[in-house]
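Please build the complex by placing chain B on the supplied structure of chain A, with the hints as guidance.
In order, the protein sequences belong to chains A and B.
The first sequence runs -15 to 97 under my numbering.
The second sequence runs 13 to 127 under my numbering.
Hints listed in this document are in silico derivations from the structure and should not be mistaken for laboratory results.
Pulled a few chain A residues facing chain B out of the computed Cβ check, cut under 7 Å:
id, residue
1, Tyr17
2, Gly42
3, Phe74
4, Phe88
5, Ser90
6, Gly91
Residues of chain B placed beyond 10 Å of chain A at every Cβ, according to the derived structure:
id, residue
7, Pro22
8, Thr38
9, Thr40
10, Lys72
11, Glu75
12, Ser84
13, His86
14, Gly90
15, Ile124
16, Gln126
Not close to chain B: a few residues of chain A, all C-beta gaps over 10 Å, as computed:
id, residue
17, Pro(-8)
18, Thr4
19, Gly47
20, Asn54
21, Arg56
22, Arg61
23, Ser64
Please read these numbers as outputs of a predicted model, since none were measured by experiment.
Beta carbons are placed, not taken as given, at the ideal position from N, Cα and C, and that holds for glycine.
If you want the building blocks of each chain, they are given just below.
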Amino acid sequence: NAGVTQTPKFQVLKTGQSMTLQCAQDMNHNSMYWYRQDPGMGLRLIYYSASEGTTDKGEVPNGYNVSRLNKREFSLRLESAAPSQTSVYFCASSGGTGSYGYTFGSGTRLTVV
Amino acid sequence: GDSVTQMEGPVTLSEEAFLTINCTYTATGYPSLFWYVQYPGEGLQLLLKATKADDKGSNKGFEATYRKETTSFHLEKGSVQVSDSAVYFCALSQYSGGGADGLTFGKGTHLIIQP
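Just chain A, with the same shape it has in the complex (with noise of 0.2 Å):
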C-alpha cells in the first residue's frame, strides 16, 4: 500500500546511545516532516525538508540531527539519546503547499532509559 513507512516500530535505548529513525515514502512528495508526540503537549515539529536537498528546523530541533537521502527517504538521528527523548516519534510527507494535508506514518515509540 502507497504511504508513509517507519522503522522501528518500538526501541528501547540506554542513555548516551545513538540511533537512527528510518522514513520513506513512495507518493512522490516533495515534503517530509518529523515530529515528536507526548503526553499533553500535541504533536511537535522537530525537522521538516520542503525539498529534495533541503532541511530546517522546527519547533524542538536540540539533540537531533536529520538527512535528506534522497526524495523518498528522510531520517532523524538521536546522536547521543537522553530520557527527555523518550516519545513517540511520527514521519509525515505533503506533495502540496500545505494545503493538501499530510500523510503520516505509524510511529516510532522510543523509550530512553
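Quick look at chain B alone, frame taken from chain A:
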C-alpha cells in the same frame, strides 16, 4: 507565532449523542485548517480540511466550517458511534512559499463513546 487551541479532554458521550469539539486558532494570513484523527496505536489520519473562509469540510459524518470572523473550526457530528472513540487533533498550515513549514497542532481531544 501560529497556534491552535482545542478543548481539553477526555470528552465522554453516549452513543448517538451530538458531538462538538471546539477549535480556535491564531495565525497571520490565510491558513488552511484540518482535523486529524488518531485511533489507539496508530498514526494520524486526515479526517477533513478547509482551505478558505466559509468552506465546510466533511467526511464520515463529521463536519467543520472555517469561520474567519471567529477564527474557529469546530468539529461536529450528529450521532456518534463507539467506533468514533479516538483522539482528535485540530491543525493549521501556512504556506510561506519555497516549501511547506509543517502543521501546527492543537494538543488533541480524547473522545470516548460509551455504548
